[in-house]
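Letter by letter, the sequence shown follows residues 1 to 753 in UniProt numbering.
Hints listed in this document are in silico derivations from the structure and should not be mistaken for laboratory results.
Glycine included, each C-beta is placed from N, C-alpha and C at the ideal position.
Careful, some of the hints might be misleading.
What the hints assert, rightly or not - Derived PhoX-like pairs (lysine-lysine); straight-line CA-CA distance at most 20 Å:
1) K309 with K383
2) K459 with K405
3) K652 with K664
4) K419 with K455
5) K202 with K224
6) K376 with K449
7) K459 with K479
8) K408 with K459
9) K405 with K383
10) K316 with K249
11) K249 with K285
12) K580 with K606
13) K316 with K223
14) K224 with K316
15) K166 with K149
16) K419 with K459
Stated by the list, open to error - Distance ranges between label pairs, derived from CB positions:
17) N503 with G651: 53 to 59 Å
18) V575 with F745: 33 to 39 Å
19) F745 with V649: 31 to 37 Å
20) R40 with G139: 46 to 52 Å
21) A4 with L587: 51 to 57 Å
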Amino acid sequence: SCDATQLCNCSSMGLDFIPPGLTGKITTLNLAHNRIKHIRSQDLQQTVNLRVLLLQSNNISSIDEDSFRSLGKLELLNLSNNSLARLSPAWFRHLFSLRHLHLQGNSYRDLGGSSPFSSLRNLSSLHLGNLWFSTIRQGNFEGIELLDKLWIDGGNLGQYEPGSLKSIKKINHMIINLRNVSIFSAIVRDLLHSVTWLEVRKIQFSIPAEMQLLRVMSSSFAKKISFRQALLTDATVPEIVSILEDMPKLVEVEMIDCRLSGTGQWKIEIQANQSQTLRVLTIEKLSIEEFYLFTDLQAVEGLLSLLTKVTVENTKVFLVPCSLSRHLLSLEYLDLSANLLGDQSLEHSACQGGWPSLETLNLSQNSLSDLEMTGKSLSHLRKLILLDVSQNNFGEIPDVCEWPKNLKYLNLSSTQIPKLTTCIPLTLEVLDVSANNLKEFGLQLPFLKELYLAKNQLKTLPGAAPIPNLVAMSIRRNKLNSFSREEFESFKKMELLDASDNNFICSCEFLSFIQHQAGMAQVLVGWPDKYICDSPLAVRGAQVGAVHLSLMECHRSLVVSLICVLVFLVILVLVAVGYKYHAVWYLRMTWAWLQAKRKPKRAPPKDICYDAFVSYSENDSDWVENIMVRELEQACPPFRLCLHKRDFVPGKWIVDNIIDSIEKSHKTLFVLSEHFVQSEWCKYELDFSHFRLFDENNDAAILVLLEPIQSKAIPKRFCKLRKIMNTKTYLEWPPGEEQQERFWFNLKIALKS
């Protein structure tokens, strides 16, 4: 389970214990998601170079005191989601290099009477707590002075001894999950000067009387406060706002996936001094059940003038009051993506005098449908440089639009625009019109440096003359199949062209041209299935200069023609060899054998209808039908013969007729002559008897030699026929009448046997 870097992945292998044989070479050992219950002293004794040990999601309930004594180089230990009912300081006594420790999701209720972490002088991040974690005592964190991240899962934390966290001098990021406001207040009191970023989760600010407990936050030196999955109400928001505004060093407030119960009609007036440090406000996925009744936020307008960056994303915002926009005097960045802004509401939100310092505006994934009106509504924003209106539904756009004078970046991707017009502002340096089903691009944009045309229907490169300053262009996933040296070289300043995932046709000349651009530009050229001429200068990661196309890729038509000729010659040779060595005969023989295999070895007695099946050549039919049949069928007692002319079933396949007739006859009588061995159907009859009769070593076959046959006239493939004629007696038709009577007597005896 170990790779070349000595990372051993034994996760999800159903292990009940730590496997033996671990060596000192291992640096990373992943034993997560197994069924380990106990860690013994000797389990990890040899792993002296271990840096990472992952034991999360097992059933560990006990650990020997000195199990980790040889892990002096260990930097990460994950024991989360196990069944540890207590934490022992002895476990961590020798982990001098440990930086990251995960203990959350176990069953301990407290951290013991002293600090389990006193020897972990290099600890950087600590994650602890669980559903049963209820008590934090003084001294539990002794020995820890500096943490990058401290995460306490204390949803049911009921007891916190003041001063427990005070021993930690500095915490860059503190995450605490709890519901008890009074305990949160006590924790904040201990961390007034040590926490830089305080993140609180799943707390409920719903009781106004409890808000006084949070007044201690106003003395915190934290620079960032985050609320996740928190509950706020109209009754508690004014006090929280007041506390946040009073924090002396607060720069950023973040609310993610929170819920506000109310409509913004605060129960008391917000009395707060404007923060001189707060600059960033982020609100994502704020749930307001009756958002359509929400007020115009006049109460907080006076607190917003110094904000420089505001994000209100996926919060069902359908309007920003004009008066509020006018108070955002310092706002440089505004993200209102994934909301419900329409053309009319945007006009009101971006009213005259609103957002005077705005440089970046993100309106993607809203309900805008009129690009002309969107541009006009924002045209007074003289400092606006970047505008993102992607994933709206504009459709057809007019020829003339009004835009902010300094707009340089415009994102119109995925906006259902079928054709670009001169509505697009001339001032642009970056334009993104990806995923719009465009079939052409011919805009005059003299300052444009970057152009993104991915996921459209273009068949040729845009002309270079209208965009003379273009430096980079992405035209991925279009319908290009080639472009000429002249087309490319017309872009005088081009440094990067990404044309991958198109339909380029293989050409050595094309690759040579691309390779020769190595000194002046990067070119990516590819297609969905395989590379032919793909680079930055790269071919799926390989430098184009090192790419050498194969003969197949350079001369496909010639190679295909040669392959076709070779295949034809091979087929011709196979046909010739097959004819010479009777391959067709062997195939027919195999088919006859397969047909015979489907039937039982011998037909039941009740199915025997004939004394003999007569196999003969059509050229010998006169002797068979006029002499032999008359002699045998008029004998006393008469013999019943099966003749193909008379007894074969009409419409039935002839091979099946032959097989059935032989099966239903006691004997098979072959009338051999020069004509017989040349007859195709006689061969079939002989083929079947070759398998069914001769192979059974019985006397069911009777050979009648109508005329002398030269041995070489019998095909060599009928080896058993030749053998039988050489080793067994056969009847030969005599010319004299006296010998003929003897012939008939012997034939009748043979048929009766």
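Verification of the hints:
1. For a cut-off of 20 Å, the pair hint linking K309 to K383 stands: about 15 Å separates their Cα positions.
2. A threshold of 20 Å between alpha carbons decides the hint, and for K459 with K405 the separation of about 33 Å lies outside it, so the pair is violated.
3. Using a Cα cut-off of 20 Å, the hinted pair K652 and K664 holds, with the two alpha carbons roughly 16 Å apart.
4. The straight-line distance between the Cα atoms of K419 and K455 is roughly 14 Å, inside the 20 Å bound, and the hint therefore holds.
5. Restraint check: the Cα-Cα separation between K202 and K224 comes to about 18 Å, which is no more than 20 Å; the hinted pair holds.
6. A C-alpha spacing of about 25 Å is found between K376 and K449, which places the hinted pair above 20 Å, so the restraint is violated.
7. The straight-line distance between the Cα atoms of K459 and K479 is roughly 5 Å, inside the 20 Å bound, and the hint therefore holds.
8. Note on K408 and K459: the hinted pairing is violated, with a Cα-Cα distance of about 27 Å set against a maximum of 20 Å.
9. Distance hint between K405 and K383 is fulfilled; the C-alpha atoms sit about 8 Å from each other, no more than 20 Å.
10. Proposed proximity of K316 and K249 is contradicted: the alpha carbons are some 31 Å apart, above 20 Å.
11. Taken as a hint, the K249 and K285 pair is broken in the structure, with Cα atoms around 26 Å apart against an allowance of 20 Å.
12. With a CA separation close to 44 Å, the supplied pair K580 and K606 exceeds the 20 Å bound.
13. Among the hinted pairs, K316 with K223 is inconsistent with the structure: their alpha-carbon atoms are about 28 Å apart, more than 20 Å.
14. Note on K224 and K316: the hinted pairing is violated, with a Cα-Cα distance of about 25 Å set against a maximum of 20 Å.
15. Annotation: proposed proximity of K166 to K149 holds, straight-line Cα distance about 15 Å (limit 20 Å).
16. Only pairs whose Cα atoms come within 20 Å are accepted, and K419 paired with K459 is accepted, the gap being roughly 15 Å.
17. Here the CB-CB span from N503 to G651 is close to 56 Å, well matched to the stated 53 to 59 Å.
18. Taking the beta carbon of each, V575 and F745 are about 51 Å apart, not inside 33 to 39 Å as hinted.
19. A hinted range of 31 to 37 Å for the beta carbons of F745 and V649 is consistent with their spacing of about 34 Å.
20. For R40 and G139, the hinted distance range of 46 to 52 Å is not satisfied, since their beta carbons lie about 30 Å from each other.
21. A hinted range of 51 to 57 Å for the beta carbons of A4 and L587 is consistent with their spacing of about 55 Å.
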